[in-house]
Structures are given as C-alpha cells and as structure tokens.
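In order, the protein sequence lines correspond to chains D and U. Following our numbering, the numbering of the first sequence begins with 1 at its first residue and continues without gaps. Following our numbering, the numbering of the second sequence begins with 370 at its first residue and continues without gaps.
Hints may contain errors.
Said to hold, decoys possible - Label-pair ranges, simulated between beta-carbon atoms:
{"no.": "1", "chain 1": "D", "residue 1": "LYS35", "chain 2": "U", "residue 2": "LEU602", "range": "38 to 46 Å"}
{"no.": "2", "chain 1": "U", "residue 1": "THR719", "chain 2": "D", "residue 2": "GLY296", "range": "50 to 58 Å"}
{"no.": "3", "chain 1": "D", "residue 1": "GLU301", "chain 2": "U", "residue 2": "THR719", "range": "55 to 63 Å"}
{"no.": "4", "chain 1": "D", "residue 1": "ASP186", "chain 2": "U", "residue 2": "GLU710", "range": "46 to 54 Å"}
{"no.": "5", "chain 1": "D", "residue 1": "ALA143", "chain 2": "U", "residue 2": "ARG461", "range": "33 to 41 Å"}
{"no.": "6", "chain 1": "U", "residue 1": "ARG494", "chain 2": "D", "residue 2": "ARG210", "range": "52 to 60 Å"}
Claimed, not checked - Under the rule of at most 25 Å between Cα atoms (straight-line distance), these lysine-lysine pairs were calculated in the PhoX-like manner:
{"no.": "7", "chain 1": "D", "residue 1": "LYS173", "chain 2": "D", "residue 2": "LYS95"}
{"no.": "8", "chain 1": "D", "residue 1": "LYS290", "chain 2": "D", "residue 2": "LYS265"}
{"no.": "9", "chain 1": "U", "residue 1": "LYS715", "chain 2": "U", "residue 2": "LYS464"}
{"no.": "10", "chain 1": "U", "residue 1": "LYS464", "chain 2": "D", "residue 2": "LYS126"}
{"no.": "11", "chain 1": "U", "residue 1": "LYS431", "chain 2": "D", "residue 2": "LYS35"}
{"no.": "12", "chain 1": "U", "residue 1": "LYS431", "chain 2": "U", "residue 2": "LYS464"}
{"no.": "13", "chain 1": "D", "residue 1": "LYS35", "chain 2": "U", "residue 2": "LYS716"}
{"no.": "14", "chain 1": "D", "residue 1": "LYS95", "chain 2": "U", "residue 2": "LYS464"}
These are computed hints drawn from the structure, not numbers from a lab. Predicted model, so just to flag it, every value in this text is computed and none were measured. Note that CB positions come from ideal geometry on N, CA and C, so glycine has one too.
There are 2 protein chains.
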Amino acid sequence: MRKFNVQHLKFLRNHSDYCAYFSYFCAPHKENTMKETLSSISQRTGYSTTTVSRVLSGQADKWRISDKAQTEIREEAARCNYSPDIIARNLRTKKTNTIGLILPSVANPYFAELASVIIAEAAKRKYTAIVTDTTEDEGNEAANIATLLSRRVDGIIVAPSGSDPAIFEEINKKHVPVVLVDRSFDGSALPYVTTNNYSGGLEATKALIRNGHREIACIQGIKSSVPNRKRILGYTDAMKKAGLEDRITIAGNEFSLQNGYLETKLLLNRTPRPTAIFALSNTIGLGVIKAVREAGLRIPEDISLVSYDNNMYMDYLTPAISRISQPVEDMAKLCMKLMFESIESKKRITTQLELSPSFIARESIAALL
Amino acid sequence: MRKFNVQHLKFLRNHSDYCAYFSYFCAPHKENTMKETLSSISQRTGYSTTTVSRVLSGQADKWRISDKAQTEIREEAARCNYSPDIIARNLRTKKTNTIGLILPSVANPYFAELASVIIAEAAKRKYTAIVTDTTEDEGNEAANIATLLSRRVDGIIVAPSGSDPAIFEEINKKHVPVVLVDRSFDGSALPYVTTNNYSGGLEATKALIRNGHREIACIQGIKSSVPNRKRILGYTDAMKKAGLEDRITIAGNEFSLQNGYLETKLLLNRTPRPTAIFALSNTIGLGVIKAVREAGLRIPEDISLVSYDNNMYMDYLTPAISRISQPVEDMAKLCMKLMFESIESKKRITTQLELSPSFIARESIAALL
DNA sequence: TATATTTGCTCAAACGATTGCGCAGAGCGT
DNA sequence: ACGCTCTGCGCAATCGTTTGAGCAAATATA
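Given only the sequences and the hints, what does the whole structure look like? Please build it.
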C-alpha cells in the first residue's frame with residue numbers, strides 16, 4: 001500500500017472527502033489485518049478523533065456528544081472490534097495503570113500467595129502487575145527497580161531484600177508511591193503492611209516454655225531481614241522473661257531447607273541437646289524434620305518443633321506441626337488499599353500496619369511437665 | 370514557567386541560539402524535579418535529539434557519531450541520571466519487551482514455580498512479565514487476554530483454562546505469538562511445551578499394578594483439561610493391559626484438597642474397597658491423606674497412594690509419598706526459548722514438545738504380593 | 001580545479017491516544 | 001435585528017522516542 005502524508009490532505013474539506021480519498025488510494029480494505037485506531041474509526045464514521053475518543057472513553061456526556069454520534073461511533077467500534085492502544089494512552093496521560101511488584105522469591109509459596117492476591121486486587125481496579133524476583137539479591141533488586149521505573153509504573157510494592165531504605169525513600173519522594181510488604185525498615189517513614197513478627201517469635205517460644213521446655217534452640221533465616229530480627233527478638237525476650245537467658249541458642253543464616261537441615265544436625269550433637277527447636281520459616285522447618293528423622297529421633301517425643309508460616313501440608317505431616325500463621329491475604333489486600341489510596345490522592349502516605357499472627361497448636365510439641 | 374512552542378523558533382539557526390533562548394525564558398533550572406528527556410539533554414549538549422537518541426541507544430557507530438559527541442552526550446546523560454521513557458519508545462517501535470503470562474492459579478506452587486522461572490528467563494533478555502490469573506475461569510481468561518493485547522505484549526504464554534483453542538489461534542495468527550505451557554489443545558497447531566501426561570498416568574498405575582494392586586481408583590481434577598484427560602487415558606490403558614478394565618474407577622472433578630477428601634470418603638465406603646488410589650494432583654493427594662486418616666486407616670498398610678506433582682514436603686509426610694514429578698524448570702525454559710525464537714524471527718512456530726515425567730518411588734505403596 | 005565520496009549530524013514525520021481552546025449554528029429574548 | 005447562551009463538535013498540540021531521508025562541510029579522487 002502506498003504511504004502518504006495526511007498533512008497533504010489539508011485541501012479536503014470534510015470527512016466524506018477524506019473517506020473518498022482514502023478509498024481511492026488504499027488497497028482493498030483488509031479488515032482482518034488492519035489494526036483499528038481512533039482515526040480509522042474517525043474516517044469511517046465521519047467524526048473527528050476527538051469525538052470518537054470522548055465517546056469511547058466514556059466522556060461523551062461531559063462534552064455533550066449527541067446520542068446519534070454516540071451510537072454510530074460505538075457501533076462502529078464494536079463492529080471492527082476496536083481496543084484502544086494502552087501504550088499511546090499511557091504516553092499521553094502519564095499513567096500506566098500498572099503496579100510493580102518486587103519479591104525476594106516468587107517460587108516461595110508464601111510470596112506466591114501474596115502475589116496471587118495482589119494480582120487479583122489489581123485486576124479488580126483495572127490495573128495489571130509486573131512481577132519481579134530478586135532472589136534475595138540486592139543487585140537484582142536495584143535492577144528491578146530501574147526496570148519498573150523506566151516502565152513508568154504507577155506504584156511499587158516491595159518486600160525488600162536489603163536493609164537500606166534510602167533508594168525506596170527517594171523513589172517515594174521523587175517518582176511513585178512505594179509500599180513495603182512483609183518486611184519494613186526501622187526508622188523509615190515508608191508505609192508498610194507486615195505482621196507482628198516480634199509477637200510471632202514471642203508466642204511460639206512461650207508455647208514451648210509453657211510445655212516445660214528450657215533448652216530451646218532457634219534456627220533463623222537471613223539475619224539482616226527485619227522480620228527475622230523481630231522474630232529473634234521475640235524469641236530472646238520470651239527466653240529472658242522465663243529466666244532462660246543463658247539457654248538462648250540462635251543458629252543458621254538462610255531461609256532454606258538445607259539451612260534447617262544442617263543446623264539441626266549440629267544442634268543434635270550438642271550437650272545438652274535441645275528439647276525443642278523453633279524454625280523461623282516453613283522451609284527451615286522441613287529441614288529440621290529431615291535431620292531429626294535421619295538421626296533416628298522422633299517429633300515430638302525426642303524433640304519438639306514449632307515452625308513459621310502456614311502451609312496446607314503441615315497438618316498432614318506426622319505429627320502435624322504447630323506453627324505461627326500470618327494473614328497473607330489480609331496483608332496483600334491492605335497493602336493494595338494503601339497503594340491505591342496513595343495513587344488516587346496523589347499524596348504520599350505513611351500508614352504503617354502490623355497485623356497479628358496467630359499460633360496454630362498441633363502435635364509437634366511434647367509436654368515435659 | 371511560560372509555555373512556548375518550539376515551532377516558533379524556526380528563526381534560530383543553531384543550538385547555541387536555542388540554548389540561549391531557553392535559558393532566557395525558563396525559570397531557574399530545577400534539576401531535581403525535572404524529568405530528563407532526550408530533548409533536555411539535547412538542549413544542554415547542543416546536539417539534536419536524533420543524535421542523542423542514537424548515542425544512548427547504542428547506534429552511535431552505525432550513524433558515525435563522533436567520539437567527541439558521544440562522550441559529551443554520555444557524560445551529560447550520566448550526570449543527570451537519564452533513563453529513557455520506555456512507554457514512548459514502545460509507542461514508536463511497536464515493541465514492548467513484555468510477555469504476558471496467563472495462569473489458572475498463581476497461588477498453586479506448581480504454577481508459582483513456573484512463573485518464577487519464566488520471570489527469570491524474561492529478565493535475562495531484558496523483558497518483563499505481566500502475570501495474570503484466571504482462577505480456572507474462562508471468563509477471566511478472556512478478560513486477561515484482552516488486557517494483555519491492549520497492552521501490546523510481544524507474546525503470550527498461557528496454561529489455558531478452557532478447551533477451545535480458537536481464540537488463541539486467532540491471536541497467534543493476527544496479533545502476537547502464543548505458546549501453550551502445561552496444557553495443550555488436541556488438533557491445534559499451536560506450539561506447546563507440556564509433559565507427557567499419558568505416560569505419567571500410565572507409569573503411576575503400572576507401579577501400583579506391579580505391586581499387586583487390582584482395585585485401583587483414580588481421583589481426577591478438571592475433566593475438560595487436557596493433562597487430566599491424558600492422565601486418565603494412561604490410567605485406563607494401564608488397567609486394560611493388566612486385564613483390569615472392569616475395575617476402572619474414576620471419581621472427582623476438581624484440582625483441590627476438598628475434592629480429594631470427599632471423593633476418598635466415598636471410595637472408602639465402596640465394596641470392594643480400593644486397595645490403592647491414584648491422585649491426579651498434589652492437592653487431591655493431600656485430601657486423600659486427610660480422609661484416610663479420619664477413617665482410622667493407614668497408608669500404605671490399608672490403602673496405597675500415588676500422587677501427581679513433586680513438592681518438597683512430600684518426602685516428609687509419613688509415609689513419604691510416591692509420585693509423578695514434572696520437570697517444571699525445563700518446561701518453563703523451553704517455553705521461553707520457543708517464545709523468543711518466534712518473536713525474534715517474526716515467524717509463527719509450531720513446535721510441540723512433550724517432556725517426560727519421572728516416577729519417584731517412596732513408601733506410600735504397599736506390596737500385596 | 002572540479003567532482004565524487006565520506007563524515008557527522010539535523011529535520012521532521014511518525015506512533016495513537018488525550019485535551020484545552022475555540023468556533024459555527026441554533027434557539028431565545030428583547 | 002441584535003446580542004446572548006447553549007449545543008455539538010473539531011483543530012492542533014502534546015507526550016518522548018525512533019528513524020528514513022537528506023544536507024553541509026570535509027576529505028578524497030580525478
């Protein structure tokens with residue numbers, strides 16, 4: 001098809017002429033392969049792109065477009081199956097209806113559920129989510145941030161991998177709203193939604209103490225992450241309150257099955273051997289189970305276990321595992337509420353929310369009383 | 370700041386004049402709040418936006434830009450922390466470097482892992498992924514498709530929820546490449562990467578038969594989904610080959626724990642009671658375990674179990690569950706390879722791949738011999 | 001010296017939507 | 001007949017990039 005410049009058509013007076021001109025020069029209309037635009041509809045209906053745009057974006061009444069024009073335009077749009085080019089709209093309006101999600105590990109069921117709810121909440125409001133994964137690496141995190149910013153997302157939800165809020169505070173000030181989820185920064189005004197990890201650590205430990213345990217070891221994940229630190233704080237406080245400060249034992253450094261496995265191997269060789277282990281994640285918990293079994297010991301008869309996170313399968317292990325459960329769905333929903341509040345008001349917010357975790361009592365704790 | 374039209378500046382001869390004119394009219398430069406564009410760099414360096422664009426997009430040599438110009442431009446871009454507006458670029462180039470992912474359930478660990486690998490593979494090639502969730506609903510699926518298309522994704526990877534390939538074939542023909550993952554359509558030329566579900570069903574059943582089981586029931590997920598049908602086919606074929614066609618028992622209709630639970634309740638009341646159950650998903654398998662335990666029976670002494678999918682926790686159940694494992698990571702990577710092959714060649718491909726699942730033997734099968 | 005080639009860069013038109021401003025005609029009052 | 005408001009719509013700029021075409025000056029060639 002011969003290309004030609006619309007600017008040259010200034011001499012044409014009205015839309016009918018336009019159409020005639022077009023049909024004169026264009027190859028036979030290939031409905032199926034032409035992509036529809038405002039201007040193609042404009043040509044065929046005889047209204048300007050302005051009017052077409054206003055009708056199809058629901059601004060018809062605001063601009064007093066006649067009913068006749070409205071139905072003509074809408075029918076043509078439906079007939080040719082028009083769908084607006086969001087990219088072009090984004091460029092003009094400086095809004096992408098997209099939120100960026102930065103997670104440490106999408107494969108982790110905990111974050112997968114978080115992502116799932118966030119995606120659903122976004123869809124409800126005609127937003128989409130760009131999901132990125134840092135694999136707990138701060139370098140990747142920085143790269144992901146750059147990607148999301150240049151894609152002009154309207155907001156960023158992040159479970160940060162590092163411990164420095166600076167970059168997120170800068171983004172929140174100069175670019176788009178940032179909401180932290182699951183993990184927060186001490187001393188930062190950034191909004192967040194987390195669970196009370198201190199209370200989680202405290203309650204888990206207290207449950208063990210209530211049952212007569214004194215040699216309680218704790219296997220942690222990434223030391224620098226705030227949830228980990230808070231859980232540890234809960235653990236140590238509970239131990240101290242029970243007069244067990246000299247029994248405090250903290251091992252490990254990764255949220256992984258292997259870390260739980262190896263650290264348990266070591267713990268089982270200690271004297272005195274711990275009577276209970278508090279695992280700071282579900283993966284660590286599985287590692288504990290593996291090591292305990294390999295050692296020919298039994299839960300809870302030989303050693304008790306409390307784990308973090310609530311996974312479906314935990315009730316079907318033998319024994320069922322006592323655990324701290326976090327309200328993931330509520331967290332995700334609140335987080336999105338904050339995000340949209342911030343986007344819609346065009347103001348930065350500083351709401352910081354801590355939801356309460358709950359203790360799920362099962363059979364993995366022996367009573368030593 | 371007073372707005373003015375660059376078109377009016379035609380009388381200015383060169384960039385120095387341009388700059389002077391600008392600095393005359395503009396308010397004092399607010400470096401921190403102005404967003405940098407090609408044209409702002411153009412003004413400050415004295416080169417045209419064309420040249421700036423070519424330097425910063427790595428086309429400098431192709432267009433013979435002098436070293437002097439290159440370093441000046443690059444330094445200024447670095448100094449003001451320029452990052453290109455991807456939206457504008459997308460509009461112009463008709464390419465978004467984005468792939469759309471449509472999954473039935475992001476919260477399902479199986480699909481979460483798939484998503485995780487796909488996101489990582491995309492990132493490697495400077496692509497991002499928009500992840501959507503259909504909750505196994507064809508209506509949602511259609512909505513997600515529309516969203517992705519109007520966002521002009523460069524390709525769509527989908528684990529389809531329905532059984533009609535028509536819409537995807539149309540998209541693949543008229544819009545962007547489509548690659549199916551995990552689930553395929555019979556009789557469609559659409560490219561896909563799945564595992565051999567027939568063989569999975571066959572092997573699982575044969576393992577039970579080998580161990581002397583004859584009353585083998587199967588609890589399925591969504592009947593219409595292709596993987597489900599293939600697994601069922603494998604099951605029935607194995608039964609027939611062993612002369613057990615009259616013992617074929619297929620129950621259930623959902624990939625969920627509850628479905629597995631309820632159907633097992635019913636199966637346990639049958640006479641003769643099945644000696645083994647083949648669960649077509651991990652969730653169904655957990656439901657079976659729950660029901661068996663509630664009935665006061667034991668696995669594998671009273672009833673044997675083979676499950677589908679490979680989850681970390683399955684080795685820590687008592688007994689560890691024998692299962693069919695799918696190579697999720699390989700699937701995702703191959704799928705992305707096909708996608709990029711199609712995008713880069715601008716051709717549609719019809720590669721259809723079936724990877725082999727593997728049987729993981731554990732302790733949930735009793736030998737009745 | 002005249003002509004061809006190369007070098008280094010610019011012009012201006014796209015991409016497809018949104019939107020502030022403005023304008024012609026109808027209706028109405030006086 | 002004149003001015004006023006209201007109706008219904010269009011003009012043209014704009015968002016920030018990319019890109020085909022082309023141009024002047026410098027250099028090479030004849």
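Now the hints, each set against the structure:
1. D:LYS35 / U:LEU602: 38 to 46 Å: Once the Cβ atoms are compared, 42 Å apart, the range 38 to 46 Å for U:LEU602 and D:LYS35 holds.
2. U:THR719 / D:GLY296: 50 to 58 Å: holds, 55 Å
3. D:GLU301 / U:THR719: 55 to 63 Å: holds, 59 Å
4. D:ASP186 / U:GLU710: 46 to 54 Å: Between D:ASP186 and U:GLU710, where Cβ atoms are some 48 Å apart, the hint holds.
5. D:ALA143 / U:ARG461: 33 to 41 Å: violated, 24 Å
6. U:ARG494 / D:ARG210: 52 to 60 Å: Distance hint for U:ARG494, D:ARG210 holds at roughly 54 Å.
7. D:LYS173 / D:LYS95: holds, 17 Å
8. D:LYS290 / D:LYS265: holds, 9 Å
9. U:LYS715 / U:LYS464: At roughly 12 Å apart (the allowed maximum being 25 Å), U:LYS464 and U:LYS715 satisfy the hint.
10. U:LYS464 / D:LYS126: holds, 22 Å
11. U:LYS431 / D:LYS35: violated, 32 Å
12. U:LYS431 / U:LYS464: holds, 21 Å
13. D:LYS35 / U:LYS716: holds, 19 Å
14. D:LYS95 / U:LYS464: Holds. D:LYS95 to U:LYS464 sits at ~18 Å (cutoff 25 Å).
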